[in-house]
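Asker: Based on the hints, put chain B in the right spot on chain A.
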Amino acid sequence: MKNLEKNYSHIKGWGIDADPKNDPTYPIKLRTDEAQKGYHWERPTQQPITTEILHSNERPNVTAVFGTPLPPKGLSGKIRRYAFQFSENSYGHWLPLLLADRVDEIEGVIDDLRQGHVPNFFAERGWKAQFKHNPKAIATKVAVGALLVTAVVAYLRRSK
Amino acid sequence: MLAMNYRGPLRVRIDQKPMPEIEHPEDAIVRVTRSCICGSDLHLYNGLVPDTRVGSTFGHEFVGVVEEVGSEVRKLKVGDNVLVPFNIACGKCAFCKQELYGNCHESNPEATAVGGIFGYSHTAGGYAGGQAEYVRVPYADVGPTVIPPGMDPDDAVLLTDVVPTGYQAAEMGGIQPGDTVVIFGAGPIGIMAAKCSWLFGAGRVIIIDQVEYRLEFAKNYAQCEAYDFRSMDDPVVFVKKTTDWMGADVCIDAVGADAAGNAMQTITGRKLMLQAGSATALHWAINSVKKGGIVSIVGVYGPTDNLVPIGNVVNKGITIRANQASVKRLLPKLIDHVQNGRIDPKGMITHWVPLEEVSDAYRIFSDKLDNCIKTVLIPPSART
Numbered sequence: 027m028k029n030l031e032k033n034y035s036h037i038k039g040w041g042i043d044a045d046p047k048n049d050p051t052y053p054i055k056l057r058t059d060e061a062q063k064g065y066h067w068e069r070p071t072q073q074p075i076t077t078e079i080l081h082s083n084e085r086p087n088v089t090a091v092f093g094t095p096l097p098p099k100g101l102s103g104k105i106r107r108y109a110f111q112f113s114e115n116s117y118g119h120w121l122p123l124l125l126a127d128r129v130d131e132i133e134g135v136i137d138d139l140r141q142g143h144v145p146n147f148f149a150e151r152g153w154k155a156q157f158k159h160n161p162k163a164i165a166t167k168v169a170v171g172a173l174l175v176t177a178v179v180a181y182l183r184r185s186k
Numbered sequence: 081m082l083a084m085n086y087r088g089p090l091r092v093r094i095d096q097k098p099m100p101e102i103e104h105p106e107d108a109i110v111r112v113t114r115s116c117i118c119g120s121d122l123h124l125y126n127g128l129v130p131d132t133r134v135g136s137t138f139g140h141e142f143v144g145v146v147e148e149v150g151s152e153v154r155k156l157k158v159g160d161n162v163l164v165p166f167n168i169a170c171g172k173c174a175f176c177k178q179e180l181y182g183n184c185h186e187s188n189p190e191a192t193a194v195g196g197i198f199g200y201s202h203t204a205g206g207y208a209g210g211q212a213e214y215v216r217v218p219y220a221d222v223g224p225t226v227i228p229p230g231m232d233p234d235d236a237v238l239l240t241d242v243v244p245t246g247y248q249a250a251e252m253g254g255i256q257p258g259d260t261v262v263i264f265g266a267g268p269i270g271i272m273a274a275k276c277s278w279l280f281g282a283g284r285v286i287i288i289d290q291v292e293y294r295l296e297f298a299k300n301y302a303q304c305e306a307y308d309f310r311s312m313d314d315p316v317v318f319v320k321k322t323t324d325w326m327g328a329d330v331c332i333d334a335v336g337a338d339a340a341g342n343a344m345q346t347i348t349g350r351k352l353m354l355q356a357g358s359a360t361a362l363h364w365a366i367n368s369v370k371k372g373g374i375v376s377i378v379g380v381y382g383p384t385d386n387l388v389p390i391g392n393v394v395n396k397g398i399t400i401r402a403n404q405a406s407v408k409r410l411l412p413k414l415i416d417h418v419q420n421g422r423i424d425p426k427g428m429i430t431h432w433v434p435l436e437e438v439s440d441a442y443r444i445f446s447d448k449l450d451n452c453i454k455t456v457l458i459p460p461s462a463r464t
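Each protein sequence line maps, in turn, to chains A and B.
Mind the numbering: the first sequence is residues 27 to 186 in the numbering used here, read in order.
Mind the numbering: the second sequence is residues 81 to 464 in the numbering used here, read in order.
Among the hints, erroneous ones may be present.
Pair by pair, the computed Cβ-Cβ distance ranges are [as the list claims (entries may be wrong)]: (1) A:N83 - B:V394: 25 to 33 angstroms; (2) B:D385 - A:R85: 16 to 24 angstroms; (3) B:A343 - A:A163: 18 to 26 angstroms; (4) A:H66 - B:E292: 47 to 55 angstroms.
Within a straight-line C-alpha distance of at most 20 angstroms, the following computed EDC-like cross-link-like pairs (lysine to aspartate or glutamate) qualify [claimed, not checked]: (5) B:K371 - B:D385; (6) A:K158 - B:D308; (7) B:K97 - A:D137; (8) B:K97 - A:D138; (9) A:K162 - B:E292; (10) A:K154 - B:D450; (11) A:K154 - B:E437; (12) B:K448 - B:D308; (13) B:K426 - B:E296.
Calculated Cβ distances over 12 angstroms to all of chain B for the following chain A residues [to be verified]: (14) P70; (15) V168; (16) V170; (17) G171; (18) V178; (19) R183.
Source of the hints: derived by calculation from the structure; they are not laboratory data.
Where is the CB? At the ideal position from N, CA and C, for every residue including glycine.
Bound conformation, chain B alone:
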């Protein structure tokens, strides 16, 4: 089968790889019809996530058709059209029981902080991802969800990560009606967080980034205010000033390890990798939020050490909430929002690219070329 093949930082290609097989009685094999490149794939692409082995196939956002099921799979059947949450969750452990599906304790032997994730390095379990023609899906009765009849596959594929992560970013902000929400990062997740903040009753939604076309897109898609931090002397002072010198009620870090905007963070976090990525967005979030406010983090950072202004967290009495999205928990609500037109996921897709052109697709997304917001990869078998 064709699959994306990681060869080292900034180098990926398409290759023939062995077909995945059932390795556990609760496995399924899914034929991929759509997969995406996610902003967090860029952390892998840039070589920032430890134990990303050469030969890996990335891709944790995908939908497809069930081709084969293991002997203990009861709910899914061959031919089902499914969307597959990016978290691999057993549904039985103490954390899954709390609906913390992103923190499953039976899917990632290599690390205890995070559960298994498709195509996201051995630090997230060593699973092959969905930027391929076929993928092995463990715990097939837990995560995979049959796509409702009539739902556009382009909507469905964004329900595997982008929509739930953006939604949970807003949810973790504890937004109360009328609150001012500031989001750092106008990538797909940041834009979705802005969109979802309104569903929680935000009174004002502001997004901050440095890429003009993304800001323009965010302004139209999420009906929010959008600002370029390069035009500001200091983004924190800007937020204070625009909130009558109080600070935002809620700040969301939707960037993570690849954040630009601070030379020291760029050198120590992204270039020398002396900390778990550049923590610029996190600094801005902590320092821009109101005293007693909430900082919500969905930006991905590597392990282990980060130079964060923890003193300010204490002094300001900030609540910090952060996690990988608990996709399965959120899906029923989000499917309803999509079906009722409150969220239009496919409206974010700007590029549909044949899987065979994965190298160029990564370059376009990574370098923000051709006004790219979100890229969908389509395997040859799904194009006929």
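Pulled out of the complex, with its shape left as it was, chain A reads as follows:
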């Protein structure tokens, strides 16, 4: 290693953390009697469960702490509750959750409108920045959009 150090003298700290015992099996399993007992640790205080918390069926309980800002609601919430009947090992869990996310997106727009807020898709998508730094991309999107609209209008007129 001493010879190698000379080769890398331009790199500050070269080899400072080199450890021939950096064993790929890290972390070494803690082989204590306690560890064999499963849920053996003294659990932290339980956060009061004042809102609906969905929990994985691969554990018997809710964790001692959790996030609370967005409990499941509406149709997306119903789909999420359904998803949690299945384990993390199952498509039955993850695909409904992805579907719920898309439903939630639509519910979000409806919520905005209900509250008198018309979502500004242009701003939310950061198009101002894209227009400033990559106007070509915006121009392409607008052109493709215009083409699609024209094609649909032309098709509809023809059908009539």
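Answerer: Coordinates of chain B only, in the frame set by chain A:
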């Protein structure tokens, strides 16, 4: 308070939201002074992480000042200037006892594979994140670390994720002096992994990406070789050829679910979401590493199924190591590296953006506009 608000894929905005409150005796409330947009936030932004609910606030990289503490908090006090690791860890469970703070079993009710993470969907516990003026920080005595006097907050904020994740990527590679390390992905984590590979004594560090300005940055910042995979017929053949047809000793996947470079993976992983994201970088890592070598994965993938070349893992006798970074375990060592000039985290920051302009900041980072490497968001209260 002002906070980022996710409205659906590729749509975020800034809104007024209720102030966070102490909900558990070990909680603290932190007033954010800096937060970052992370490459893994883009997986959320693109709608790839299940159970990312509309209304979420992202942000798992932040520093700030303690404003309030719960009744069981002993070590932190109001006014402390803290950096907050992205993992939420209880410090008591079997996994925290093994210093696997990214795998805490008392912080994420919704999934058992990963522990709680700030602002990273309900699949990671449903916590609000730090792209806001204030944030609730559970287990305040475990993760949050007082920022050493004199440390630049821009250095500190990158110690919450980027530096430890890049460092652990190199550490998990089991790099031995003289080893050739190949890193797929020249985002902030990949660049930091390249930088840290030298600390473990790498003999040659190669980074592979497709964005020219990021490759140029990586070459200068991490003093490594940098190559554009678009100029190669096949990145795996390139690695074999440049390692005298043996393969790299260590390969690091620093990309995860959003990887480009393979049409089939893009369609099935990113567009149709039939697998847990595009596994292109992982394929390249497994197929480029030497027989008996080590593949280290820090790229984020969604659950659950991935089409990976597991047959090659068996045939080649590869060791795969992967995890979320165990930030708390690594912090003492990494703070020392920063203070002694071995790592310069803030050297990666290219954009400082007011929190109010979060939509544009996401677009710039996501589309790699304006030569962006790393973006820091600054709330209004931290600008006065």
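Asker: Which constraints among the numbered hints does this structure fail? Numbers only, ascending.
Answerer: Hints 5, 6, 14 not satisfied by this model.
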